[in-house]
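We have chain V already, so just place chains F and A on it with the hints.
Listed below are the residues making up each chain.
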Amino acid sequence: MRLNTPVPIQWVAGFIGAELTGNAALQATGINEIHKVIAGDITFVDFEKYYNASIQSAASIIIINKRLDCPDGKALLVVEDPFSAYVKLVKHFRPFEPASAMIADSAVIGKGTHIQPGVFIGHHAEIGENCLIHPHVTIYDHTVIGNNVIIHAGAVLGADAFYFKKRADREVMYDKLESCGRVVIGNDVEIGANCTIDKGVSGDTIVGEGTKLDNMIHIGHGAVIGKNCLFAAQVGIGGKTIIEDNVILWGQVGISKDLTIGANAIVLAQTGVPSSLKGGKTYFGYPAEEAGNKRRELVWIKRIPEIWEKVMKPA
Amino acid sequence: MRLNTPVPIQWVAGFIGAELTGNAALQATGINEIHKVIAGDITFVDFEKYYNASIQSAASIIIINKRLDCPDGKALLVVEDPFSAYVKLVKHFRPFEPASAMIADSAVIGKGTHIQPGVFIGHHAEIGENCLIHPHVTIYDHTVIGNNVIIHAGAVLGADAFYFKKRADREVMYDKLESCGRVVIGNDVEIGANCTIDKGVSGDTIVGEGTKLDNMIHIGHGAVIGKNCLFAAQVGIGGKTIIEDNVILWGQVGISKDLTIGANAIVLAQTGVPSSLKGGKTYFGYPAEEAGNKRRELVWIKRIPEIWEKVMKPA
Amino acid sequence: MRLNTPVPIQWVAGFIGAELTGNAALQATGINEIHKVIAGDITFVDFEKYYNASIQSAASIIIINKRLDCPDGKALLVVEDPFSAYVKLVKHFRPFEPASAMIADSAVIGKGTHIQPGVFIGHHAEIGENCLIHPHVTIYDHTVIGNNVIIHAGAVLGADAFYFKKRADREVMYDKLESCGRVVIGNDVEIGANCTIDKGVSGDTIVGEGTKLDNMIHIGHGAVIGKNCLFAAQVGIGGKTIIEDNVILWGQVGISKDLTIGANAIVLAQTGVPSSLKGGKTYFGYPAEEAGNKRRELVWIKRIPEIWEKVMKPA
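Residue numbers (this note's numbering), protein chains in the order written: chain V, 1 to 315; chain F, 1 to 315; chain A, 1 to 315.
No wet-lab data here; the hints were simulated from the structure. Careful, some of the hints might be misleading.
Since copy identity is lost for identical chains, a pair holds within one copy or between any two.
[Claimed, not checked] Dumping the calculated DSSO-like pairs for lysine-lysine here, alpha-carbon to alpha-carbon at most 30 Å:
#1 281 with 166
#2 166 with 278
#3 313 with 49
#4 49 with 74
#5 74 with 91
#6 165 with 91
#7 66 with 88
#8 49 with 281
#9 257 with 166
Model, not experiment: these values are computed from the prediction.
Only chain V is shown next, with the shape it has when bound in the complex (with noise of 0.2 Å):
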């Protein structure tokens, strides 16, 4: 997320508590998880192991619960608790802003688009030219739509990253990370109908230009979705994943999340991806394989009878 003015870091170091470390002077102007940093944002830590490569990344200050070492020009805020200072500091700057009306006075709707009977349209949502938003939709705050989209009916978008720290000693156990990303979408998408596509945690999650989807889809917090891909009913796509251009997947495939599906690759109904899967190939199965492997092992598996009839049987 972008600040829409450049903050203080003594100012944050003041709000969240922290003790500050390195370079006094900075001056904060993004917050965002540490998959999305670049250079002037406030990013946060709290495992050891991950202590040095967020020290190291494009991020220009630090929550963390340990004291170390600055780099020049950076800068570190000591907490005890970098998640809760963190989550403090986005509820700070991307407040919840309650709704008073089904469309947003702040949203902006271009010439030609057309939003049907009972839309509910969030602050400062962007929505472009020629477009079409059938009944029941859900566009929450922040929301940009390009030209020439579609959206059918019940369909969500923007609703929260689906994302929590594990606080095992705590009674209720999955303390929440409220995201401040957005949704955006390119144009001359097709959105189907009742499809749930989530914010980011703190970046975009991007639905390419020309991505048709069917009904009921499902398309996780920060996930990349590239130009024109094809996406049959029921999929599911975990976080953070990227499909690149022109992937087709087939009903109900589910790729889990942090994966990268190769442009052109084509995902037969109902696979299951547990790992990044090479462009330009066809796959299927759970866990999903080329599919002429799969197709040889379904094969194979049919033979073990006869296998056994040779070797187990007395002669």
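Here is chains F and A on its own, set in the frame of chain V:
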């Protein structure tokens, strides 16, 4: 789709800029994709391998991209891009009509039917008697619903067919086939929360009398579901598939497009069905097999280590 | 379901046209399907093989289609069609109440709770404090929601149980069991966009404190979900299944009805669960097995060609 009044073919030829050959006195009485044509219909063909089937089909008027001999009594409309010409006709005769209210004035609602708050009912929709429609249901234009039907919250009836022509040479690669079909729901049907039933491309998507759908079921364009079927939650049915009477599908079953599932078939949970199934039997697995065979296969797989022990270990 | 005031059994007998045997002085204090009965309840039985269990259950009043000996203190109500008699009682004591507004006057909403526009809240629903209900959520009558609950757009709480009696001799074959149970959501639960949680047939469908549901999850009637569970998107849980505390279900997992999943179990993506699972272990595959076993099985399958080579090829 039936046309409200017969349309002279000469007008059609002029509207789409086609060269007319054959019977110039014809009147078009319908527009249909090739799978649904009857006499009087306009259809289109743009692949050479389907030329003959299209010209020999029941359709009277074929939009085509090659000058061919025209059978007696029929007419060919020769254009460079039959797909676009067909879409232009669909848009003309079935234009999108923006809604100005949650329930269209032109909708017909039978006596004894109760509509809960927040339901959208589009133009020309027809709902029978003694139905109960729960909140946030979306009923697109032209949908037809029988008597004693219950539709749970968030269900969407009549969203567009997921049907695109690939234009490999264009930046926006998938070209939308505008659908002009309908959803037709029989008497005594129950439709679960957040189900989605798409309209046919040019014909009807049908759910037969007495069929009960659990929540979050997707039924693709032009599918025909028989009477007294029972589908558990999260089932997906591909476009134009026929499910005969008394079929039971358990949870998360996926059935591909263009198939036929015979009467009284039972398909167990999570089964994936890539090809047609005979009626009266029980199936499971991916790809679906008769349940007895599939269960034996699972037992055979468990015996591989025993075979290995005997065969591969040194004596 | 509890009755608001005790109802004399003589009135019940008259209302459903039953022959009363046994304790004619009883007062009914509840109506329940056999799985949920406590003392004072009316229940029903129409299969001979369940006669004994029903009469010996905690229920005080049994609607039955055979004259049998009645245990001391209980009563039998003999009718030809116990199912229809039970449904008649449910409809009488829990009639459908049409809504006249998006939020019922009788709904109770706690302080600090924010309801976004376009939310439906039915009669007698109770929502705790500091909740956030996003647009287009549907909360059916009698639903109970705790404190600090977040419900994302399009979720449906309290749709009818998917429960039918098969009447093979009728044209409309599936006869609806009217459900009179509730959905009860604990404190600190988060429910994702377009989830559906059905009400119990006569008891409660429960989601325990601190449990977090991602998008498009289906929870069947009467299921009981423990505390601090984490379910990823598109999971489906069958009716009356018990999920104990701290269970993690990954995306697209399907769990059949009437099962128990032990505490701290982890079920990997797309797994199908046809029978109960012990707690504390990790499972995957269809049918679900311990993950270690299943992974070894996948390796064994890959070795079939090697066995074939050794055994079947001529020396």
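Structure-based check of each hint:
Proximity of residue 281 and residue 166 under a CA criterion of 30 Å is satisfied inter-copy only: 18 Å between copies versus 38 Å inside one chain copy. Taking the closest pair of Cα atoms, residue 166 and residue 278 come within 30 Å of each other only across two copies (22 Å); inside a single copy the shortest separation is 33 Å, beyond that limit. Proximity of residue 313 and residue 49 under a CA criterion of 30 Å is satisfied in neither setting, with 56 Å inside one chain copy and 44 Å between copies. Taking identical chains as interchangeable, the C-alpha atoms of residue 49 and residue 74 lie at most 30 Å apart only when both belong to the same chain, with a minimum of 20 Å there against 66 Å between chains.
Proximity of residue 74 to residue 91 under the C-alpha cut-off of 30 Å is restricted to the intra-copy arrangement: shortest distance 24 Å within a copy versus 59 Å between copies. For the identical chains of this complex, residue 165 and residue 91 are intra-copy neighbours only, at 16 Å inside a copy versus 45 Å across copies, given an alpha-carbon limit of 30 Å. In this assembly of identical chains, the alpha carbons of residue 66 and residue 88 lie at most 30 Å apart only when taken from the same copy (19 Å versus 66 Å across copies). In this assembly of identical chains, the alpha carbons of residue 49 and residue 281 lie at most 30 Å apart only when taken from different copies (26 Å versus 36 Å within one copy).
Both within a single protomer and between protomers do residue 257 and residue 166 lie at most 30 Å apart by alpha-carbon distance, with minima of 18 Å and 29 Å respectively.
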